[in-house]
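Chemist: In the working numbering, the protein residues as written are 785 to 931.
It is possible that part of the hints are untrue.
Restraint ranges, calculated between C-beta atoms of paired labels, are given here [claimed, not checked]:
{"no.": "1", "residue 1": "ALA863", "residue 2": "ASP804", "range": "11 to 21 Å"}
{"no.": "2", "residue 1": "ILE853", "residue 2": "ARG812", "range": "14 to 24 Å"}
{"no.": "3", "residue 1": "PRO803", "residue 2": "SER896", "range": "46 to 56 Å"}
It is worth saying that the hints were derived from the structure and are not from the lab. Backbone N, C-alpha and C define an ideal beta-carbon position, used for all residues, glycine too.
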Amino acid sequence: MAHAAPASGGMTGGGTRLPDIFSERVHRAARYGIPVVLGLVYGYWAAANRRGGGEITGWNILFGFVTAIAFIVLCIAVATFAPLLKRELHSLVKSAFAGAAIGFLYSQTGESVLRSIALGVAVTAGVFVVFFYRYYTHEDAEGNRVY
785 MAHAAPASGG MTGGGTRLPD IFSERVHRAA RYGIPVVLGL VYGYWAAANR
835 RGGGEITGWN ILFGFVTAIA FIVLCIAVAT FAPLLKRELH SLVKSAFAGA
885 AIGFLYSQTG ESVLRSIALG VAVTAGVFVV FFYRYYTHED AEGNRVY
């Protein structure tokens, strides 16, 4: 059985980029739309964890919105500034954000601070491994994407 020979340059070099199927407008909307949606879900989740199935109060709603705003601001900041770092720090910043977010959610259930920290550190370690592997295999040492 004959197989086609790879074309010169291909996906690993030669300056060939993958096609971009979305317009710049869609990318700009997603850059801010995704953190807003995630933040609203996160704020609702934190407020629901805090009330523990009890009645919804005004303070609970305020807590949910404040948590959502904090999450949105931090998520946009991490998405904006983390790619400017070397791949190790890039991975660490994103994974620390994920671990802290999960640890905070878990702390709102009434569990001990030590268990919340342990869960946050475990999530940070797992996410770091995934992100570092991805950036290590898709970037060169200077942080330039390798296709």
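Chemist: Evaluate each hint against the coordinates.
Modeler: Status of each hint after checking the structure:
1. ALA863 <-> ASP804: 11 to 21 Å: Since the Cβ atoms of ALA863 and ASP804 sit about 18 Å apart, the hinted range of 11 to 21 Å holds.
2. ILE853 <-> ARG812: 14 to 24 Å: Since the Cβ atoms of ILE853 and ARG812 sit about 21 Å apart, the hinted range of 14 to 24 Å holds.
3. PRO803 <-> SER896: 46 to 56 Å: This hint holds: roughly 50 Å between Cβ atoms.
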